[in-house]
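A.B. asks: These are the residues of each chain, in order.
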Amino acid sequence: MSRAVPVYLDYAATSPADPQVAAAMSECLTRDGVFGNPSSMHLHGRLARERVERARAQAAALIHVEPQQLVWTSGATESNNLAILGSARASAKRGRHLITARTEHKSVLDPCHRLEHEGFQVTYLDTDRDGLIAPERVREALRADTVLVSIMHANNEIGVLQDIEAIAAICHERAVPLHVDAAQSAGKVGLDVARLGCDLLSFTAHKLYGPKGIGALYFAPPRRAALQPLIFGGGHERGLRSGTLAVHQIVGFGVACELAAERWAADAAHCERLRARLWRGLSAIDGVLLNGHATRRVAGILNVSFSGVEGESLLMGLGELSLSTGSACISESDEPSYVLRALGRDTELAQSSLRFSLGRYSTEEEIDLAIAAVTREVQRLRAVAP
Amino acid sequence: MSPSAMNPAAANPGGEDPLGPRVRGLFAALRHAGEPAATGTARVLCGEAGREQRGTRVRFMLRLAGKRLVEVRYRAYGCPYTLAACEWLATQLEHGGRDSIGGPADWAQHLGVPPARLGRLLVVEDALRAALAVADKTVTNS
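These protein sequences, in sequence, are chains V and G.
For the first sequence, the numbering used here begins at 348 and goes up steadily by one.
For the second sequence, the numbering used here begins at 2 and goes up steadily by one.
There's no promise every hint is true.
On the chain V side, residues computed to face chain G include the following (Cβ under 8 angstroms) [claimed, not checked]: (1) E657; (2) E659; (3) M663; (4) E695; (5) V731; (6) P733.
With the C-beta cut set under 10 angstroms, the calculated list includes, among others, these residues of chain V facing chain G [what the hints assert, rightly or not]: (7) D693; (8) Q698; (9) A730.
If you anchor each label on the Cβ, the simulated ranges turn out as follows [claimed, not checked]: (10) G:G21 - V:H464: 35 to 43 angstroms; (11) G:V71 - V:A631: 39 to 47 angstroms; (12) G:Q54 - V:T642: 39 to 47 angstroms; (13) G:L123 - V:A631: 31 to 39 angstroms; (14) V:E682 - G:T40: 38 to 46 angstroms; (15) G:R99 - V:A623: 27 to 35 angstroms.
In short, the hints are calculated from the structure, not lab data.
Source: prediction; values computed, not measured.
We put the CB at the ideal spot given by N, CA and C, even for glycine.
Start from the sequences, fold in the hints, and give me the full structure.
C.D. replies: Take a look at the structure:
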């Protein structure tokens with residue numbers, strides 16, 4: 348069976364906007380819609396402000412926080428930058444040490460590297476072979492001058508879920524704020540910030556069927572976390588993030604969050620079932636290895652290494668699928684996945700991985716097509732290998 | 002209906018292919034991959050380079066009939082550029098001889114290999130040069 352368009356299995360990279368999201372956004376763009384600047388005092392501005400605050404309430408409800416505890420950003424990358432750079436710089440007089448993990452997203456690691464250039468010290472925690480961080484490793488790494496711990500909730504490459512509650516409890520014993528990158532878990536699992544216990548949390552719209560270019564950062568009351576802005580010019584968002592608010596994107600994000608709050612459990616069950624089907628099919632191929640803990644994971648991500656097969660060639664041979672490799676992919680870099688290397692995978696296995704990420708619109712037919720395509724291509728590439 | 006099924010990109014799927022059409026075509030049809038034909042009188046000479054752990058391993062196999070190169074085959078583990086380069090070189094050698102192949106810089110230009118991947122072509126070159134050296138030695142001694 349041939350298809351005109353590849354099967355989309357890259358929901359961890361981004362998701363299509365829900366039609367309700369797109370409809371809500373389109374109401375905020377044109378002359379007959381809510382296009383005003385939310386900072387303006389006139390009616391157009393006030394209508395836009397009302398939509399922005401409604402969306403803030405929708406986004407806050409998804410993670411069970413108060414709306415005023417959210418700051419709009421351009422996405423998880425900016426949220427992570429604001430959380431890490433903003434917290435560290437605001438607390439620099441108290442200490443200059445941070446803790447994070449080697450398997451974090453680059454939007455966490457790169458701000459940490461930036462802070463090292465500014466004189467901060469950063470401890471990069473190792474994970475176990477399943478990609479999990481033992482909370483006790485955080486306790487051991489905490490120092491008197493630690494000003495922030497940043498640990499992601501769900502890993503973007505392998506999907507494993509960290510024990511944030513336990514890590515937060517340890518951080519709070521020492522009154523050290525905890526930042527959580529929840530870009531891959533918001534809308535995928537039930538997120539309750541009070542239960543997680545974190546002080547800062549980043550999430551983004553486009554991973555949960557909202558638009559690209561909009562995200563949010565939750566921050567706890569100032570007694571628990573201090574923030575210094577990164578962007579100046581107008582004092583929007585209570586001075587933490589200047590710039591005219593993108594009403595259509597914020598409204599889309601709000602609707603996406605409201606839908607996610609209603610649907611996340613059904614979506615997760617759907618993805619779990621399809622992921623199990625996918626794994627059953629792929630594990631019938633010889634030399635297949637699951638990357639990351641088998642059960643402590645978000646439902647939609649499956650990362651698999653295929654021994655004896657180079658990952659980029661495998662990916663390029665799968666023209667009927669849109670998915671990502673855990674390795675360097677077609678990027679400029681020629682390096683294997685640092686996440687898989689951190690799990691202890693050798694270079695060959697780290698280079699031979701694919702990340703399948705499923706979503707709300709994935710179907711059994713698509714999974715079966717993916718299994719057949721991967722099986723065919725693995726066999727082809729192994730047949731030409733020395 | 003899934004987004005894949007209703008995606009308007011169906012009218013123009015793909016966009017710009019990061020591999021380019023030449024590499025894509027070679028990669029899709031690795032006609033010279035495998036072993037040379039087994040014949041009673043022919044000699045098969047091999048050259049190999051690289052390691053899977055480093056991302057690239059290539060083996061070239063040259064079948065000589067007397068002093069004449071009659072068949073080129075390869076086995077390769079590596080990125081699409083590596084496989085495409087092997088396929089292209091095997092075709093060139095069979096049809097134009099060794100004078101037709103040039104060096105890695107020529108291959109990179111012909112195939113549009115990005116600078117970050119030039120190291121892969123050096124592995125291909127090492128394997129090919131090793132096979133050709135064995136062939137030269139064999140012909141000289143015969």
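A.B. asks: Give a verdict on every hint.
C.D. replies: So, going through the hints one by one against the coordinates:
1. E657: Holds - the Cβ of E657 of chain V comes within 8 angstroms of chain G, reaching about 6 angstroms at its closest.
2. E659: At about 5 angstroms, which falls below the 8 angstroms cut-off, the nearest Cβ of chain G leaves the hint on E659 of chain V intact, so it holds.
3. M663: 5 angstroms, holds
4. E695: Holds, because the Cβ-Cβ distance from E695 of chain V to chain G comes to roughly 5 angstroms (cut-off 8 angstroms).
5. V731: 4 angstroms, holds
6. P733: 4 angstroms, holds
7. D693: Holds, about 6 angstroms.
8. Q698: Where the cut-off is 10 angstroms and the nearest Cβ of chain G is about 6 angstroms from Q698 of chain V, the hint holds.
9. A730: 7 angstroms, holds
10. G:G21 - V:H464: 35 to 43 angstroms: 38 angstroms, holds
11. G:V71 - V:A631: 39 to 47 angstroms: Hint holds: Cβ distance 40 angstroms, inside 39 to 47 angstroms.
12. G:Q54 - V:T642: 39 to 47 angstroms: At 30 angstroms between Cβs, range violated.
13. G:L123 - V:A631: 31 to 39 angstroms: Taking Cβ atoms as reference, L123 of chain G and A631 of chain V lie about 37 angstroms apart, which means the hint holds.
14. V:E682 - G:T40: 38 to 46 angstroms: Since the Cβ atoms of E682 of chain V and T40 of chain G sit about 43 angstroms apart, the hinted range of 38 to 46 angstroms holds.
15. G:R99 - V:A623: 27 to 35 angstroms: 53 angstroms, violated
Taken one by one, the earlier hints fail for this structure at numbers 12, 15, listed in ascending order.
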